[in-house]
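Given only the sequences and the hints, what does the whole structure look like? Please build it.
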Amino acid sequence: MLTQAPRGTRDVLPTESYRWQYIEGKMRAAAALAGYREVRTPVFEHTELFARGVGDTTDIVQKEMYTFQDKGNRSITLKPEGTAGAARCFLESNLYADALPCKMYYLNAPIFRYEAPQNGRLREHHQFGLECFGAQEATADAELILLAFRLLSELGIQNLSVNINSIGCPNCRPKYHGMLKDYLAGRVEHLCEDCKNRFERNPLRVLDCKKPGCQAQVKDAPSMLDVLCDDCKAHFEQLQACLDAAGIPYRINSRIVRGLDYYTKTVFELITTTKDGNLTVCGGGRYDHLVEQLGGPDLPAVGFGMGLERVLMLLDAEEIQIPEPAQYEVFVTYMGEHRIQAFNLVESLRNQGIRADMDHCGRSLKAQFKYANKTGALISATIGDEEAENGSVKLKNMATREECTVPVAEAGARILEMRKDGE
RNA sequence: UUGGAAGUAGCUCAAUUGGCAGAGCACCGGAUUGUGGCUCCGGCGGUUGGCAGUUCAAAUCUGCUCUUCCAACCCA
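The first sequence stops at residue 423 when you use the working numbering, and every number in between is there.
Rather than coming from a laboratory, the hints here were simulated on the basis of the structure. It should be emphasised that the depicted structure is a prediction, and the values quoted were computed from it without experimental measurement.
Heads up, simulated DSS-like pairs for lysine-lysine below, C-alpha to C-alpha not over 27 Å straight-line:
| # | residue 1 | residue 2 |
| --- | --- | --- |
| 1 | Lys-420 | Lys-370 |
| 2 | Lys-219 | Lys-233 |
| 3 | Lys-196 | Lys-63 |
| 4 | Lys-181 | Lys-63 |
| 5 | Lys-181 | Lys-196 |
Label-pair restraints from in silico Cβ distances:
| # | residue 1 | residue 2 | range |
| --- | --- | --- | --- |
| 6 | Asp-182 | Ile-76 | 38 to 48 Å |
| 7 | Asp-231 | Glu-189 | 35 to 45 Å |
| 8 | Pro-249 | Glu-292 | 31 to 41 Å |
| 9 | Glu-189 | Lys-26 | 42 to 52 Å |
| 10 | Gly-384 | Glu-115 | 57 to 67 Å |
| 11 | Lys-370 | Glu-92 | 51 to 61 Å |
| 12 | Asp-182 | Arg-74 | 35 to 45 Å |
Ideal Cβ placement from N, Cα and C applies to all residues, glycine included.
This is the structure:
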């Protein structure tokens, strides 16, 4: 128990963190390319922010939040999604007073939801997310979809399916709600228990139910797309025109409704098909009224979240190799009585920007070489009796076994040369 | 939260009917007392997930619990 991480959490080990750093580097680059800059917001927020922002009829707020009282009797919640915190930050710092749009991204942001963990679903996971505040045109929506698509493709993820939908706005959605309720009214008794609740609180979500019984009932339901107001309709068409122009494949999927209440107009998910079924790796949409709802100006916005663990899972599934940097460039091997000389050499190499280390475990020379080999060191630098006596060091290219002896003072320069040749 | 499967050395897995808990890989050491990858030899390594119960005796049977995986739900 003491040595067991809590259910639904995972450690990133020193032996695997390079995989995270690799995708994080690609994500930063992709965001920067479109002018998104990093924002860092707290891991926890006032519970009220999510209740108001995400919506208190959602599953997330109703049963999945990590909520607790702090010592000052405030109700605190660990972030169950990234957008609300970013919007709060945007408002608190009056960023709407600057030039708009305000584009920001967060990376490796921990997200907490109390769920039943399984493969690809954790209680703490990490997201790369982008938010664009103050842009109402569909070009902004398209830019985000393209950014996510390009990023994932560049990472090597295949079978990406871009699913888009429009769920309308406060002008047209109530009308659709009415139509949907009328349609469902005569069928409520055939719906599952969950959907009977949804019928009352948020009939849109019935469309999303995966139960065959409910799907059958919903099959001929009216589509939101047929009821969109002129504004929403034009916006959705503009989005498609952008995606068409960019030449990426996508499908209109009216079943995508998303589990957060703040969405308006565009919603989208990037879904991959693996041998174990479908996996959503990225989801987002437009939230034109969230900022206002949180007490700010009436300002449109759009964004998405992407799960880092899921990206890594997909890279694994497709057996995509991520270059693993060697732990050391140079490993200094030495005979016991020359420990201080070895220590000095290591420090001197590090001062010259060379990743170097030596044995700290009292191993035999032979074992030191074994260890050097295992850590992937490109070069060994040996200090034995002869070298210690005349102030030299014997360098060896671990791959070619070529050796040469140079004065200690020149070791660094020589190694830098060898590094250059190796490239 | 609901249903199903599983948990034995760091990893992958054995262990007959309830009868001394084992192998491969990994790790450490040796085969040259100044040299790695291959080979050979040796060593370390366990509360059999945990707690209780049945029994002369439990990895094995029973109960509870924890964790992981699968399905449903939901999503990243």
